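Protein chains: 2
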Amino acid sequence: MPTPADPDFDDPLLGPWLKGYPTAAEPLRRSQLKRQGWCVLDGQLPLPLAVLKQSALTHNLAWMQAFAAERGLALAPHGKTTMSPQLFRRQLDAGAWGITFASVFQLRLGVLAGVQRALIANQVQQAADLAGLARLLAQTAGLRVAFLVDSVAQLRQIEAWRATQRQAPVFEVLLELGVAGGRTGVRDHADALALARALRSSPAVRLVGVECYEGLGVTGDSAADAASSHALMDRLQTLALAADAEGLFEDDEVIVSAGGSALFDLVAARMKPALSRPVRGLLRSGCYVTHDHGHYRRLVHTLAQRCGCADELQPALEVWTSVQSVPEPGLALLTGGRRDLSFDIELPRPLALARAGQVHTLPDDGRWRIRGLNDQHAHLRFDDVSDLQPQVGDLVALGISHPCTTFDKWHWMPVVDDDYRVLDAVTMHF
Amino acid sequence: MPTPADPDFDDPLLGPWLKGYPTAAEPLRRSQLKRQGWCVLDGQLPLPLAVLKQSALTHNLAWMQAFAAERGLALAPHGKTTMSPQLFRRQLDAGAWGITFASVFQLRLGVLAGVQRALIANQVQQAADLAGLARLLAQTAGLRVAFLVDSVAQLRQIEAWRATQRQAPVFEVLLELGVAGGRTGVRDHADALALARALRSSPAVRLVGVECYEGLGVTGDSAADAASSHALMDRLQTLALAADAEGLFEDDEVIVSAGGSALFDLVAARMKPALSRPVRGLLRSGCYVTHDHGHYRRLVHTLAQRCGCADELQPALEVWTSVQSVPEPGLALLTGGRRDLSFDIELPRPLALARAGQVHTLPDDGRWRIRGLNDQHAHLRFDDVSDLQPQVGDLVALGISHPCTTFDKWHWMPVVDDDYRVLDAVTMHF
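Note that the protein sequences, when read in sequence, are chains Z and S. Under the working numbering, the very last position in the first sequence is 458; numbers go up by exactly one each time. Under the working numbering, the very last position in the second sequence is 458; numbers go up by exactly one each time.
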């Protein structure tokens, strides 16, 4: 975590207080890392260790930026995925308009990392959060932040807080539409338009656009996913047109934002309604930066086929573990568990085994499989007929499903080349 | 995380870089916290926020210490649960013999926090970890650490690493027994005894005891749990007697360790085999310190009935959230999700609703229930017939199941009185 004593995100200090950093090694600045010659395969780094592959990261950053640019859209990738200032910087350098966050706490990290334009794709209404946002806006020249409103009750909370303040900013807000049975967001057009009017007439906020999230009920079936996301995007367009016709938007351009990491092609085609003023279409996908070996790999494969994309995103995130025990035939225990890996969508997948520096790709046919996780262990089952049998001391790479819930288990990740030599590092600040 | 710039665990610096600390507030030392007059119920702290109840913590520390003492056992509570130096200190001050860890990385935190006796209840075999452990032992006068060995292959890894070192300690080890289909640990008595002989004859290690973990297949059915844990403890006793008879233990006392957080009464009765030298029975339960509102509450209730205990452990950990949206009848969205709460055993349970500082206990009959979590949201379903309806801005307290996977989502937790006024804080360093 960045403290007043070490706020340097460009060249953070790394050391043995970070899980995965060698306990016996001296602390190093990020800029000193490459010259150490560390390699994940040679035993210098204690496992488990989550690593990012430089080649895949670089590919994904360019791929997504091109995807948005080709459709006349801008990117505000969701920063909650990584909470990593160095990755925010790479996203901005690649051309992102800004970064999206889920809370004022997350926004604070972005602002410290140099983010100038941000969405909070969430309701803000608590006094402590409104005070925090007001302070960030007051202290940061040029900072622009818009957050979501989905009820008059929330607007009244904001107004009540503002009435207690001597000075408070006028908050920029997006009106959120949602789906019955889903999450946040107004369910009905008439209610949404009534809320837009209430926002327009409130001195506490400025309505600068509309927002929705299409990814909650994703099925992977293109027809079903297209039907549900088109229906939502049609409602968003209808609302934007109606609010525009009544002059309810209060900025020179109107933000229209949607886009998780699974169906962003489906919403991308419907993010530019013909309004009386320019529209800024903002995609918020966050998981693209590292992609994964599970849930998003399957969904983005479908997406790429749907779009006729020449190539796809590449999985950049792997968690390396060590075989600590092979206590019975067909079972190996790996040093890595619920504290180290995503398990909220599905269990990790064994990708490769390394012995004496040699990497052996594992079959993706179920013969090697993770059957369970404890806090600190993974249970690897392997068939007796496999040619390769895990031994104590072997290294096993695991592919994950859902990057968000692996990132939040680490404070740093080395960035490695395709031979797993450490080139660089990023830090995470959840 | 403790950095070289702020290693003060007694009086750590807290500030807005910590999730749950007010973004608009100045950093404070732990010792300055109480005089701020903060209260979770009054909106000064942004939610979600995990809090610890002082009264329950104090009760649990004393309860567990008395439980062990009454049975002639010592405590080495598992530090992986909390990874909190201030809680380690309270456990040691309450009378714990030492602290248990799952890795050398975790041990390092304990050593910095003043732990002098430790178990690593896990295999250590990687070069980076052996080097880290050797360094901690060399740098820390009086530090005693024993880790687990469950295979000759692991012993050979340790010997191979040692052969590359000019100087290396003789590592103290416990021989681990395990259960077929379970996790680590030797499955068979003859193999275990052969390993004990190999350990005795190796110059790399000293065999100082035996260990097992009975909690993997816990069912909650007393008869079934007693049968499986008695069978395992009988094997552990048989092994200890055989190794003792052959003179394989290499210290003045023999450590016999078992005990997770669910069945510790069942193992406690069988941890003192009659050996030729004194036996140190070490219980490793970790979750008792905060207990929970789910899995462990049910199991420890059964345990307390089995023991005829006059009272039980008390849940000390709650996660407070805010209602950010009530977008349709019967559904409220809370500010707290997979990034803030345990969900690996079961979903959290709504405990209380607070409005305008008044706390209303919620019915525990399913009328209020968490039906799903996203990364940053909890979906609260409530029946229309409830007298109390959640509104935007209400606070909702959630009880969790499995403390380990809530602790690892926070860097600090306030310690509160029964009215949720902030008295103190602890920090976590995963």
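Hints are not guaranteed to be accurate.
[What the hints assert, rightly or not] A few chain Z residues facing chain S, derived, Cβ under 8 Å:
1. P50
2. G206
3. Q419
4. D422
[Unchecked claim] From the derived model, a few chain S residues whose C-beta atoms are all more than 12 Å from chain Z:
5. A97
6. L158
7. S250
8. V351
For the record, the hints were derived by calculation from the structure and aren't laboratory data. Bear in mind that the values here come from a model prediction, so they are computed numbers and not experimental data. Glycine residues also receive a C-beta, built at the ideal position from the N, C-alpha and C atoms.
Going down the list of hints, with the structure as the test:
For P50 of chain Z, the interface hint holds, since its Cβ comes within 8 Å of a Cβ in chain S; the closest pair sits about 5 Å apart. Evaluation of the G206 of chain Z hint against chain S yields a held restraint, the C-beta minimum of about 6 Å falling below 8 Å. Evaluation of the Q419 of chain Z hint against chain S yields a held restraint, the C-beta minimum of about 6 Å falling below 8 Å. The interface hint given for D422 of chain Z is broken, as the beta carbon of that residue sits about 10 Å from the closest beta carbon of chain S, more than 8 Å.
A cut-off of 12 Å between C-beta atoms confirms that A97 of chain S is not in contact with chain Z; the least separation is 27 Å. Not every Cβ of chain Z is farther than 12 Å from the Cβ of L158 of chain S; the closest lies at roughly 9 Å, contradicting the non-interface assignment. Under the 12 Å C-beta cut-off, the non-interface status given to S250 of chain S relative to chain Z holds; the minimum distance is some 23 Å. Against chain Z, the non-interface label of V351 of chain S is violated: not every CB pair exceeds 12 Å, the least being about 9 Å.
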